Amino acid sequence: MKKKIGVYICHCGGNISDYVDVEKVKQAIENEGGVFLAKTTMFACSDSNQKDMVEDIKNNELDGVIVASCSPKLHLTTFRNVSERGDLNKYSYVHANIREQASWAHSDDKAGATEKAIHIVKAAIAKARLSESLEPNKIVAKKAVAIIGGGVAGMKAAIALSNMDCPVYIIERKYFVGGRVAQWNELFTTNETGKDLVTRLYNDLVKRSNVTIFTGAEVVKNTGSIGDFKLTIKITPRYIKENCNQGRLQEAIDACPVELPDDFNFSITNRKAIYHNFPSEYPQLPVIDIKNCTRCGKCEQICESIDFSQKEENIEIQIGSVLMATGFDPYTPIEGEFGYKEIENVVTLPQFKRMIDMSDKTLTFKGKEIKNIAYIYCVGSRQEERENKYCSRYCCTSAIHEAIIAKKKFTNINNFHFNRGIRAYGKQEILYNESSKMGDIYLQLTEDSPAVVSKNGTKTIVKTNDILTNGREIEVEADLVVLATGMVPRADNSVGSLFKLPKGRDKFFNEIHMKLRPVETFIDGVTISGSCQGPKNIMESINSALSAATKSFSYISKGELETEPIVAVVDSGLCTWCNLCSEACPFDAISMKEEGGKSIAFINNSVCKGCGMCLPVCPTDAIDLIAYSNKEIESMIDALAND
Amino acid sequence: MKIEQEKNISFDALVVGGGIAGGEAALNLANTGFKVLLIEKDLSLGGKMIMLSKVFPTLDCAACITTPKVSEIARHSNITIYTSSEVSSISKIAKDNFEAIVIKKPRYVVIEDCTACQLCEEACPISVSDQYQYNMVGRKAAFIPFSIANPKAAAIDIDNCILCGACEKVCPTNCIDFTQETEEYRVSIKTVILATGFKLFDPVLIPRYGYGVYKNVITSMQMERELAPTRPFNTVLRPGDGKVPDKIAYVLCTGSRDATIGNPICSQICCMYSIKQSQLLMGALPMADVTIYYINIRSFGKGFEEFYQQAKGMGVNFVKGKIGKITETEKGNLILRYEDINEGIVKEEEHDMVILSVGALPNQDASKLFKGEELQLDQHKFIYQSDLLGSPSKTSIEGVFVAGTASGPMDIPDSILSAGSASSEAISYLIQNK
Chain L
26 MKKKIGVYIC HCGGNISDYV DVEKVKQAIE NEGGVFLAKT TMFACSDSNQ
76 KDMVEDIKNN ELDGVIVASC SPKLHLTTFR NVSERGDLNK YSYVHANIRE
126 QASWAHSDDK AGATEKAIHI VKAAIAKARL SESLEPNKIV AKKAVAIIGG
176 GVAGMKAAIA LSNMDCPVYI IERKYFVGGR VAQWNELFTT NETGKDLVTR
226 LYNDLVKRSN VTIFTGAEVV KNTGSIGDFK LTIKITPRYI KENCNQGRLQ
276 EAIDACPVEL PDDFNFSITN RKAIYHNFPS EYPQLPVIDI KNCTRCGKCE
326 QICESIDFSQ KEENIEIQIG SVLMATGFDP YTPIEGEFGY KEIENVVTLP
376 QFKRMIDMSD KTLTFKGKEI KNIAYIYCVG SRQEERENKY CSRYCCTSAI
426 HEAIIAKKKF TNINNFHFNR GIRAYGKQEI LYNESSKMGD IYLQLTEDSP
476 AVVSKNGTKT IVKTNDILTN GREIEVEADL VVLATGMVPR ADNSVGSLFK
526 LPKGRDKFFN EIHMKLRPVE TFIDGVTISG SCQGPKNIME SINSALSAAT
576 KSFSYISKGE LETEPIVAVV DSGLCTWCNL CSEACPFDAI SMKEEGGKSI
626 AFINNSVCKG CGMCLPVCPT DAIDLIAYSN KEIESMIDAL AND
Chain H
464 MKIEQEKNIS FDALVVGGGI AGGEAALNLA NTGFKVLLIE KDLSLGGKMI
514 MLSKVFPTLD CAACITTPKV SEIARHSNIT IYTSSEVSSI SKIAKDNFEA
564 IVIKKPRYVV IEDCTACQLC EEACPISVSD QYQYNMVGRK AAFIPFSIAN
614 PKAAAIDIDN CILCGACEKV CPTNCIDFTQ ETEEYRVSIK TVILATGFKL
664 FDPVLIPRYG YGVYKNVITS MQMERELAPT RPFNTVLRPG DGKVPDKIAY
714 VLCTGSRDAT IGNPICSQIC CMYSIKQSQL LMGALPMADV TIYYINIRSF
764 GKGFEEFYQQ AKGMGVNFVK GKIGKITETE KGNLILRYED INEGIVKEEE
814 HDMVILSVGA LPNQDASKLF KGEELQLDQH KFIYQSDLLG SPSKTSIEGV
864 FVAGTASGPM DIPDSILSAG SASSEAISYL IQNK
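Chains L and H supply the protein sequences, listed in that same order.
So the first sequence is numbered by my numbering: it starts at 26 and just counts up by one.
So the second sequence is numbered by my numbering: it starts at 464 and just counts up by one.
Be a bit skeptical, because a hint or two may be false.
Cross-link-like lysine to any residue pairs, in silico, SDA-like; alpha carbons within 25 Å at most [to be verified]:
no., chain 1, residue 1, chain 2, residue 2
1, L, 64, H, 577
2, L, 135, H, 743
3, L, 76, H, 573
4, H, 785, L, 475
5, H, 788, L, 133
6, H, 706, L, 133
7, L, 583, H, 778
8, H, 498, L, 587
9, L, 462, H, 843
10, H, 810, L, 491
11, L, 462, H, 758
12, H, 897, L, 584
13, L, 83, H, 635
14, L, 64, H, 684
15, L, 115, H, 573
16, H, 775, L, 495
17, L, 232, H, 861
18, H, 498, L, 102
19, L, 232, H, 892
20, L, 98, H, 522
21, L, 199, L, 236
22, L, 528, H, 521
23, H, 498, L, 110
24, L, 64, H, 693
25, L, 115, L, 655
26, L, 135, H, 571
27, H, 498, L, 580
28, L, 135, H, 697
29, L, 462, H, 721
30, L, 462, H, 807
31, L, 391, L, 295
32, L, 98, H, 511
33, L, 49, H, 698
34, H, 785, L, 458
35, L, 414, H, 778
36, L, 168, H, 895
37, H, 788, L, 446
38, H, 775, L, 445
Hint data in this document are derived by calculation from the structure and do not stem from the laboratory.
Remember, it's a predicted structure, so these values are computed and weren't measured experimentally.
Kindly generate the complete structure, drawing on both the sequences and the hints.
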């Protein structure tokens with residue numbers, strides 16, 4: 026039982042003290058059993074207070090410390106470290122949250138908030154009295170990182186890790202790396218092309234001996250956890266021998282009877298079941314799309330490089346950290362949304378980018394030369410009725426930039442931008458200015474009067490009430506309507522589920538804290554980068570990829586890492602292995618093992634997060650949680666319930 | 464001032480600027496085992512972020528995020544910090560070796576001995592305006608910069624000090640030392656990260672808004688201070704007469720997207736911090752009306768659009784229209800003349816307090832540092848990113864990287880990712896050149 030507990034009650038500069046009477050809290054708890062000293066402080070987390078705490082712990086030989094302040098999400102680690110610097114075991118520290126749980130939640134009731142804060146602190150004292158010294162679990166960390174996704178974010182992260190002498194595996198689901206950027210022509214704001222950028226990164230990658238690239242590869246299984254993930258990767262073969270005869274290959278492609286929409290060109294062109302990479306995709310090796318191949322054998326008869334005997338294989342890799350770089354999908358409009366799929370000359374922005382890239386002197390669509398182009402913004406973003414409430418960040422500038430390219434590349438182009446307030450933030454504003462100077466017309470509409478696309482005979486009409494001209498109804502006869510579609514999470518993001526990665530309300534993978542831990546996730550050892558975390562342009566994706574690379578590296582660079590000792594423990598005498606605990610565990614940390622001639626539950630300490638889900642379901646009360654034992658929790662409940 | 468000493472020291476990396484970007488970059492390098500010298504020209508670390516109230520879109524209090532981060536930086540064994548110091552020059556002396564001259568200005572207080580008891584503040588007879596509260600209140604010539612400053616130690620503002628000695632007499636630890644002199648250090652480093660931040664637009668340059676003339680026209684940074692936990696007045700009030708305002712206006716794009724004052728670009732942060740302040744004001748002054756006058760609302764980041772919609776839901780009034788002119792009434796209220804774009808007519812509206820949402824301008828200090836090689840700036844005078852898409856933190860000089868707003872306007876999450884990027888490049892560079 027601890028007898029010398031120090032309690033610090035934080036004002037949080039008014040965040041707490043505006044609603045909770047911190048002096049009253051101090052007075053209410055200073056005579057509690059075990060409390061040796063109680064203090065209030067303006068900012069408990071400030072350097073000066075941390076120093077004072079270290080001194081207090083050392084000078085008074087405190088055996089327990091409590092800070093009543095904000096959420097432990099923010100500062101549990103901060104104050105554990107303070108305890109450690111005072112030579113006190115860091116698990117003797119107990120955090121009491123009187124900000125989120127008292128002052129902010131009850132800002133309309135100061136007396137009530139104070140009363141609640143007193144009880145929260147008393148409960149923390151009750152827990153601190155029973156707290157025990159613990160040592161973190163130490164595990165060996167494999168010095169290698171798996172990067173899932175071979176777009177520019179994944180490739181750049183791989184280069185950074187390789188530079189840090191860390192072996193890297195890139196796992197790309199498609200047969201080619203390069204991701205979305207490989208599909209883009211000139212990029213804002215440098216006008217470098219997607220091909221240039223991808224080629225640069227790829228050429229850098231392939232000369233590195235510590236980088237392995239798997240294409241046609243998917244992670245199908247994950248066992249293990251931070252420091253020691255074991256991933257099973259399913260690799261689908263190309264069904265074409267590596268040193269194939271390129272000359273005969275084209276004949277084989279021509280002979281293939283299967284035609285299907287080409288993803289690369291967002292379905293505006295078709296490809297065969299046997300196909301070659303586009304020049305901006307790597308490696309430069311053809312592939313047979315086995316899912317759509319009819320096995321008619323025509324290609325095989327022409328080209329000796331085709332080899333249907335190649336087998337799908339599963340390989341296993343062991344790595345210390347996983348870096349997610351799975352990217353985004355462009356939003357697909359629903360049928361009839363601004364005429365999509367109902368009116369023939371309505372396309373999406375990604376399709377338009379491909380059209381521009383593939384067109385030479387004139388821009389034509391279905392045989393007709395294009396002059397008037399109407400761009401409709403915020404398609405699939407900032408939705409009022411449907412679920413994508415967020416702004417997709419890149420589409421305004423991307424559409425403007427593409428409109429400028431179209432005007433420069435082709436003659437007689439007129440651009441009409443039906444927007445909801447242009448968001449060309451930062452230096453991208455210059456592009457917006459440039460397009461205005463080139464004579465592009467901007468029509469601005471409100472949320473409640475969207476642009477309407479309709480067909481009038483052979484003409485496609487886009488109509489809106491333009492607020493920039495005092496709500497006047499304006500019609501544009503458009504040869505092409507471009508829908509500036511936003512970013513959505515990948516349609517198949519199942520790889521996230523393998524790692525149990527949490528998603529935000531926008532369905533993108535979620536970081537722990539936007540400012541403090543922007544590339545880390547609640548799953549230890551798994552970082553997120555690029556547009557799988559949320560819409561980003563290329564520069565922003567690269568910045569986040571490099572941040573994630575540094576973070577993944579930091580987990581494993583020392584060869585050993587520490588995990589929380591706060592895990593579940595099984596009393597082998599009481600356990601009867603009924604399997605309820607393992608079903609309740611959200612982290613797959615519990616398995617069955619044989620011990621002393623019977624089956625009992627086994628907890629994998631490096632996977633267990635100490636969430637406590639297994640405790641209440643156990644019929645024999647065989648599981649306890651270190652640092653949150655029944656004894657501790659009961660004493661906290663007593664303190665909370667006492668008046 | 465005479466240079467008494469010249470000292471030779473060496474580190475792996477020099478980080479110029481101790482704001483959130485510089486701090487984050489220094490921590491990343493230090494955690495990877497590299498020795499870092501962090502130079503901050505101000506008296507405290509934390510840059511502009513440590514002065515803020517709460518930060519969008521999560522409404523975390525800025526101090527709650529900054530102070531522990533700053534504290535971690537301050538006690539990291541691989542980081543050496545010089546505050547009140549400036550880099551006067553950097554020269555590349557070999558392929559992967561730079562030499563920097565660092566000038567450490569005297570604080571006239573021995574930081575290690577100061578207990579921040581504030582007795583010197585009480586004793587000092589000189590009052591001047593407090594730059595850390597953006598001149599809304601005064602401070603003494605002997606002063607603690609602000610309550611969450613790091614290092615938390617007194618400093619003597621020698622330009623305003625009359626050398627009366629009152630502070631020296633009351634100081635219980637004898638930490639005040641008027642014999643301190645400027646020190647010069649010759650620093651050998653292998654890589655440099657520039658995190659020199661940005662400057663705020665000075666709205667005096669737009670006379671028709673009346674800043675500096677009308678007392679109830681303040682900047683967004685001043686409102687930020689009024690809302691911060693370490694706020695000067697302990698409540699929100701208008702500076703003209705101390706009245707609690709009840710009809711507040713925000714003028715967006717003050718000094719941004721405006722070629723007439725030489726800044727055609729968007730500052731990327733003003734829409735969001737104004738929306739954030741409006742939400743905080745609705746909480747602090749439940750009866751007050753808040754109107755935001757805007758050209759376009761640019762709530763583009765993760766959770767930003769939702770935050771904008773939340774402000775609308777709380778009753779913040781958004782009016783599309785650029786303010787042409789502000790005039791003052793006898794009562795100190797302000798009449799804003801603007802074109803209401805939605806209605807297509809010129810209108811006037813009276814408010815009792817106006818906040819100018821000032822933009823972010825480049826801090827050009829870093830451009831003059833380099834001898835021999837030129838540190839290129841972009842057309843807006845921010846540090847030029849030589850490989851914007853492939854390696855955004857690379858500059859025109861090999862081995863010199865840029866972090867945070869030194870390369871252009873950005874918010875805190877983007878600054879932190881940019882710092883992560885710069886430190887990653889610097890770590891790669893250091894390992895590859897071992």
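Against the structure, the hints:
1. Restraint check: the Cα-Cα separation between residue 64 (chain L) and residue 577 (chain H) comes to about 22 Å, which is no more than 25 Å; the hinted pair holds.
2. With a C-alpha separation of about 19 Å, the suggested pair residue 135 (chain L) and residue 743 (chain H) falls inside the 25 Å cut-off, and the hint holds.
3. The straight-line distance between the Cα atoms of residue 76 (chain L) and residue 573 (chain H) is roughly 17 Å, inside the 25 Å bound, and the hint therefore holds.
4. The hinted pair formed by residue 785 (chain H) and residue 475 (chain L) meets the criterion: a straight-line CA distance of about 24 Å does not exceed 25 Å.
5. Pair hint residue 788 (chain H) plus residue 133 (chain L) does not hold up; C-alpha atoms about 40 Å apart against a cutoff of 25 Å.
6. At roughly 24 Å between alpha-carbon atoms, residue 706 (chain H) and residue 133 (chain L) fall within 25 Å of each other, so this suggested pair holds.
7. In summary, the hint linking residue 583 (chain L) to residue 778 (chain H) is not supported, as the alpha carbons are separated by about 52 Å, beyond the 25 Å threshold.
8. Pair hint residue 498 (chain H) plus residue 587 (chain L) holds up; C-alpha atoms about 24 Å apart against a cutoff of 25 Å.
9. A distance of roughly 19 Å separates the Cα atoms of residue 462 (chain L) and residue 843 (chain H); the hinted pair therefore holds under the 25 Å criterion.
10. Taking the CA atoms of residue 810 (chain H) and residue 491 (chain L), the gap is about 20 Å. The hint holds against a cut of 25 Å.
11. Pair hint residue 462 (chain L) plus residue 758 (chain H) holds up; C-alpha atoms about 18 Å apart against a cutoff of 25 Å.
12. Under the criterion of a C-alpha separation no larger than 25 Å, the hint pairing residue 897 (chain H) with residue 584 (chain L) is consistent with the structure, at around 20 Å.
13. About 24 Å separates the Cα atoms of residue 83 (chain L) and residue 635 (chain H), which keeps this hinted pair within 25 Å; it holds.
14. For the hint linking residue 64 (chain L) to residue 684 (chain H), the alpha-carbon distance of about 33 Å lies beyond 25 Å, and the restraint is violated.
15. Between residue 115 (chain L) and residue 573 (chain H) the alpha-carbon distance is near 32 Å, which puts this suggested pair outside the 25 Å criterion.
16. This hinted pair checks out: residue 775 (chain H) and residue 495 (chain L) have alpha carbons roughly 22 Å apart, not beyond 25 Å.
17. Straight-line distance between C-alpha atoms of residue 232 (chain L) and residue 861 (chain H) comes to about 21 Å, which keeps the hinted pair within the 25 Å bound.
18. The hinted pair formed by residue 498 (chain H) and residue 102 (chain L) meets the criterion: a straight-line CA distance of about 24 Å does not exceed 25 Å.
19. As the CA atoms of residue 232 (chain L) and residue 892 (chain H) are separated by approximately 17 Å, the hinted pair is consistent with the 25 Å bound.
20. A threshold of 25 Å between alpha carbons decides the hint, and for residue 98 (chain L) with residue 522 (chain H) the separation of about 15 Å falls inside it, so the pair holds.
21. A hinted pair counts as satisfied when its Cα atoms are at most 25 Å apart, and residue 199 (chain L) with residue 236 (chain L) qualifies at roughly 18 Å.
22. For the given pair, residue 528 (chain L) sits about 16 Å from residue 521 (chain H) by alpha-carbon distance, which is consistent with the 25 Å threshold.
23. With a C-alpha separation of about 21 Å, the suggested pair residue 498 (chain H) and residue 110 (chain L) falls inside the 25 Å cut-off, and the hint holds.
24. In summary, the hint linking residue 64 (chain L) to residue 693 (chain H) is supported, as the alpha carbons are separated by about 20 Å, within the 25 Å threshold.
25. A C-alpha spacing of about 21 Å is found between residue 115 (chain L) and residue 655 (chain L), which places the hinted pair at or below 25 Å, so the restraint holds.
26. Taking the CA atoms of residue 135 (chain L) and residue 571 (chain H), the gap is near 44 Å; set against the 25 Å cutoff, the hint is violated.
27. Among the hinted pairs, residue 498 (chain H) with residue 580 (chain L) is consistent with the structure: their alpha-carbon atoms are about 19 Å apart, no more than 25 Å.
28. Between the alpha carbons of residue 135 (chain L) and residue 697 (chain H) the distance comes to roughly 18 Å, so the proposed pair stays at or under 25 Å and holds.
29. Our distance criterion of 25 Å between C-alpha atoms is met by residue 462 (chain L) and residue 721 (chain H), whose separation comes to about 15 Å.
30. With a CA separation close to 23 Å, the supplied pair residue 462 (chain L) and residue 807 (chain H) stays within the 25 Å bound.
31. Using a Cα cut-off of 25 Å, the hinted pair residue 391 (chain L) and residue 295 (chain L) holds, with the two alpha carbons roughly 14 Å apart.
32. Proposed proximity of residue 98 (chain L) and residue 511 (chain H) is supported: the alpha carbons are some 24 Å apart, at most 25 Å.
33. In summary, the hint linking residue 49 (chain L) to residue 698 (chain H) is supported, as the alpha carbons are separated by about 23 Å, within the 25 Å threshold.
34. Restraint check for residue 785 (chain H) and residue 458 (chain L): the C-alpha separation of about 17 Å stays at or below 25 Å, so the hint holds.
35. The hinted pair formed by residue 414 (chain L) and residue 778 (chain H) meets the criterion: a straight-line CA distance of about 19 Å does not exceed 25 Å.
36. Among the hinted pairs, residue 168 (chain L) with residue 895 (chain H) is consistent with the structure: their alpha-carbon atoms are about 18 Å apart, no more than 25 Å.
37. A distance of roughly 23 Å separates the Cα atoms of residue 788 (chain H) and residue 446 (chain L); the hinted pair therefore holds under the 25 Å criterion.
38. Under the criterion of a C-alpha separation no larger than 25 Å, the hint pairing residue 775 (chain H) with residue 445 (chain L) is consistent with the structure, at around 16 Å.
Hints 5, 7, 14, 15, 26 from the list above are not met by this structure, while the remaining hints are.
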